[in-house]
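Chain residues, written in single-letter form:
There are 2 protein chains.
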Amino acid sequence: MKNFNYNIPTKVLFGKGKAEKLGSEVNKYTSKVLLVYGMSSIKKSGLYDLIKKQLTDFNIKCFELAGVDPNPRIESVYEGAKICKENNIGLVLAAGGGSVIDCAKAIAVQAKYEGDVWQDLYVDSKLGELRDALPVASILTLAATGSEMNGNSVISKMETNEKLAIGHGKLRPVFSILDPTYTFTVNKFHTAAGVVDIMSHVFEQYFSPDKRGYLQSRLMEGILKTAVHFGPIALKDPKDYEARANLMWSSSLALNGMMSCGKESTDWATHAMEHELSAQYDITHGMGLGILTPYWMDYVLSEENAHRFVDYAKNVWGIEGDSEMSVARKAIDKTREFFTSLGIPKTLTEVGIDHEKFEIMAEKAVKNGPLGTMKALEKEDVLEIYTMAL
Amino acid sequence: MKNFNYNIPTKVLFGKGKAEKLGSEVNKYTSKVLLVYGMSSIKKSGLYDLIKKQLTDFNIKCFELAGVDPNPRIESVYEGAKICKENNIGLVLAAGGGSVIDCAKAIAVQAKYEGDVWQDLYVDSKLGELRDALPVASILTLAATGSEMNGNSVISKMETNEKLAIGHGKLRPVFSILDPTYTFTVNKFHTAAGVVDIMSHVFEQYFSPDKRGYLQSRLMEGILKTAVHFGPIALKDPKDYEARANLMWSSSLALNGMMSCGKESTDWATHAMEHELSAQYDITHGMGLGILTPYWMDYVLSEENAHRFVDYAKNVWGIEGDSEMSVARKAIDKTREFFTSLGIPKTLTEVGIDHEKFEIMAEKAVKNGPLGTMKALEKEDVLEIYTMAL
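Those sequence lines, one after another, are chains A and B.
Count the first sequence with the working numbering and you get residues 121 to 510, in order.
Count the second sequence with the working numbering and you get residues 121 to 510, in order.
Here chain A stands alone, though its shape is the one from the complex (with noise of 0.2 angstroms):
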């Protein structure tokens, strides 16, 4: 086990009826706060109305940035980072989706940074000039991307097609509040991307081509029943409070940092992959990594590392068979047909997507270095990959 330090200090108000602790929670931190939000969904299910008066109850001064967009727009986090600064905010309330907590996150540390925060932590990774961030917290309304327990935030620039991602123990939530019936009305679309997105995490630090991390593995097994047990129950009766609190708690805890706390080593080359989907064609991301990861599995499968893969076959699906190869191809597909039968294309194609940009895609991807450790990814298995998914 690789040597590792834990520290997830967000505290989390997980239930029905918990944005009722909003005002005492805020309260404790500041009398002035930015509430960052989507579209018109907060204000159609009440949770709006309910954070307005839960503010107003405590006295509490709210400032608001509307319009953040699904693949949040480095505009917004200026937009919202003059808001603080002009006003004095204490703490940046977001109420969504990860791509809203995101947004809020940037906007903290935009508005306690002198320069520009996209061009100095997004672009340029000098991390180490993030000093000060104001307080985050969040409702969440959608189970997806764990931003509502850790430091990640991923913005984009659509006139230069980047789509950027940071984290920072100082972009952690103080508080985020889960309750699951806010995501009773995300459509059967977004429930799947979300149900994929959580198993995506998983499966970005679970498969590594080393033979350690037990603990951690068996964990994150865990994880992956309960998205394939429950992601079918939700989408099917989208009120089964059981199923969308399974799902909420599985996506906080899939990407909180604890999962890959020992590991020898994670993957994350699915996830750069798709980054730059979605940075040229603004597509769910959710739904970007449901059609690129089986052609992912496909293409890093070897004999070194389907051990990992065997692991998967047996603890999620439950295959059994004598070939380590053929276990894991089993797995594989099971994969595949898991996410179609959520309604997750097959293709890059069936979503508009062709080759056109293939080629400046993969050139991004990889400008860091190869992509993830299952095997290194150089530009031309990008390519592959991307032509695999047509």
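FYI, nobody ran anything at the bench for these hints, they're computed from the structure.
A few of these clues could be false.
Since copy identity is lost for identical chains, a pair holds within one copy or between any two.
With a straight-line Cα cutoff of 20 angstroms, these simulated PhoX-like cross-link-like pairs (lysine-lysine) come out [said to hold, decoys possible]:
| # | residue 1 | residue 2 |
| --- | --- | --- |
| 1 | LYS290 | LYS131 |
| 2 | LYS232 | LYS331 |
| 3 | LYS290 | LYS148 |
| 4 | LYS359 | LYS331 |
Here the structure of chain A is known, so what remains is to put chain B in place on it, guided by the hints.
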């Protein structure tokens, strides 16, 4: 899934050499610590010298309380608290296993408490009175209790044969250093007792009569599989780093509070019954649990709750079969066989305990009401289980 709040702020520094970070971590809190430890083992291993050097390097003054017993006594708590009060100590540093950490926590409370913590908190359970405590930190030398990451403290008063527990968020260590190499010298008996303790903590949260807690059950099965896999390896090769590391991290995750987050109910009857054994006979907690657990399983198994045993049988032991009750019984047999294979005695008779004090132990065990949820155990039930274990 039941509503819950998750709040586990303990920072964990995990891995070989992490004790080298002690000085800088302590320095964030204070310049005066009370070092609490047990017997001479930390002196033999060199940990004591390392601690002293680390504290000296950061100009941190170190007071000491040595000789804490395996079932830590309230007298040690009073003694430690006196040192804290007289010397304006700013942090209580435990170096040892769960007993030492539990004692350090009680000291941290008593040092900031006007009344008698034993009577008010441990006996009368007036946890509302616990408003302040010194910060506690730990350097762990035994994988077992999970005390390094939770707010629990179990203290004994031998003159009245009482062993009582409290749990409070203020008692969570602010940081814990987990270096698996410090457990290389743990003997076979205590290694085995630690493995049983880890598994028992999971059992107490895993076994509940309701059908919910899917994600939690899958995660807990991951910890159980890890203990089953690495327990025998650690016994065979005490210096197997991977085994010691997996067991150590399992011990923390098994009882840091995360596993029961969202569970409808937990059990804890076996712990209550074992506490009476330890209080009367001062036996090792893990051994007492190892003897009682399979009999408790035999006794509580019913058609209604068999589904939990079936999950356990299938997912931890790979047992298949058609009849739920038969599969469940096979899992219980497997559990007993596994504990025996670790060198844990099968009966109370083997450790010199007869029926003499069963009556008083059973009486005390249920003094706050029936035990557990798999089957609510009254005094007669507890008596029956003690008798089965003879």
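Cross-check of the supplied hints:
no.	hint	verdict
1	LYS290 x LYS131	both (14 angstroms within a copy, 14 angstroms between copies)
2	LYS232 x LYS331	neither (43 angstroms within a copy, 48 angstroms between copies)
3	LYS290 x LYS148	both (18 angstroms within a copy, 17 angstroms between copies)
4	LYS359 x LYS331	between (40 angstroms within a copy, 19 angstroms between copies)
Hint check: a violation occurs at hint 2 only; the rest are consistent with the structure.
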